[in-house]
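Student: Residues per chain, in single letters:
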Amino acid sequence: MRDGDADGFAVLVERHGPALSRLVTGLVADPHAADDVVQEIWILVYRRLDTFRFQAPFRAWLFRIAAREAVTARNRLRTLWRRMTSTDTDRMPASSGRAEAAGEVSDVLGALAILPTSERAALVMIAEGFSYAEAAEALSCPIGTISVRVHRAREKLARRLDGPSTGEGS
Amino acid sequence: MTERPDPLLAEVHDALARVTPSTDATAILAQIGGRSPAQMADVSRARGLRAATVAAAVVLVGLLFAARIHAPLPSQSPVAAITAPLSTTSPSASPPSASPLMRLAAPSLAAAEEEDDLTSEVALLSAVVFGGIR
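If you read the sequences in order, they're chains A and B. Following my numbering, the residues of the first sequence are numbered contiguously, the last one being 170. Following my numbering, the residues of the second sequence are numbered contiguously, the last one being 1134.
Treat the hints with care, since some could be wrong.
So the derived label-pair ranges between C-beta atoms look like this [what the hints assert, rightly or not]: (1) B:Ala1067 to A:Phe58: 54 to 60 Å; (2) A:Glu14 to B:Ala1051: 30 to 36 Å; (3) A:Glu155 to B:Gly1048: 25 to 31 Å; (4) A:Pro116 to B:Pro1007: 18 to 24 Å; (5) B:Arg1068 to A:Leu80: 56 to 62 Å; (6) B:Leu1060 to A:Arg152: 50 to 56 Å; (7) A:Gly129 to B:Leu1064: 55 to 61 Å; (8) A:Glu14 to B:Asp1014: 19 to 25 Å; (9) B:Ala1066 to A:Pro116: 25 to 31 Å.
Among the chain A residues that face chain B by a calculated CB cut under 10 Å, a handful are [as the list claims (entries may be wrong)]: (10) Leu12; (11) Ser21; (12) Val24; (13) Asp35; (14) Val38; (15) Arg78; (16) Val105; (17) Leu109; (18) Ile126.
Don't read these hints as lab results, they were simulated from the structure. C-beta atoms are modelled at their ideal positions from N, C-alpha and C, and glycine is treated no differently.
Sequences and hints are given; from them, build the entire structure.
Tutor: Shown next as structure tokens:
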């Protein structure tokens, strides 16, 4: 595989692709931009395969790269957004995502989009089934920080969606 | 991996799943183009080198033009070369060593030659740098 077996790489893409795409979409908050970022990440991963040491699960290695690249892409888009609108804010609407999604999906994406990147990244990783330790490693911060960010993100998301009761088991 | 008992997190997961485009392994493999990771790294390095070369060429051309702009002016301008003999000439004065036309032409010719040298140098550099990377 590390010698360039395209079929083997295709298997990796098929196996981890959907989860990686969801993660990137959540981090970038724009399905169209996420599509491009996902492709860039896979190409980057392919190029760096020879640096994979088999000391950690491939999935953890893959998502660490993905999280870093997606956050970078998100920041790039945010900078572009600021230049276009001359606003100094972390909030950037997920316009294309909201346009395509309907109803509750649109609400969730809209609420996700206005979260600070750090909080959104932590929340999306946990929502994707990562442990706090895995999220902390992927996002290069302590577990406690992840915990705080997820807590804050949940509160904001719940308030934005259905009021304080949402997410409390109702 | 952990369970996702939290309904809010489950809602986030489902929403993302619904809007996320399907992963197109074929498109990704097409971009890779059958190259090995090492070859991909070579391509990346080549792109970086090319970008650095172009940037260096642009800087060099800019420096050349800057040097051209800040080059010292001729000590006597063409206008002064024409007017000076006329204003100072008196019947008793000795004739000038060169005619006003020659005085006018001399600095202009020097400047033109200098400009030609710079222009050809820039053109040569551009041809080497930009032509060589195609």
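Student: Hint by hint, note whether the structure agrees.
Tutor: Hints, verified against the model:
no.	hint	verdict
1	B:Ala1067 to A:Phe58: 54 to 60 Å	55 Å, holds
2	A:Glu14 to B:Ala1051: 30 to 36 Å	34 Å, holds
3	A:Glu155 to B:Gly1048: 25 to 31 Å	44 Å, violated
4	A:Pro116 to B:Pro1007: 18 to 24 Å	23 Å, holds
5	B:Arg1068 to A:Leu80: 56 to 62 Å	37 Å, violated
6	B:Leu1060 to A:Arg152: 50 to 56 Å	51 Å, holds
7	A:Gly129 to B:Leu1064: 55 to 61 Å	59 Å, holds
8	A:Glu14 to B:Asp1014: 19 to 25 Å	21 Å, holds
9	B:Ala1066 to A:Pro116: 25 to 31 Å	44 Å, violated
10	Leu12	9 Å, holds
11	Ser21	4 Å, holds
12	Val24	8 Å, holds
13	Asp35	5 Å, holds
14	Val38	7 Å, holds
15	Arg78	19 Å, violated
16	Val105	5 Å, holds
17	Leu109	6 Å, holds
18	Ile126	6 Å, holds
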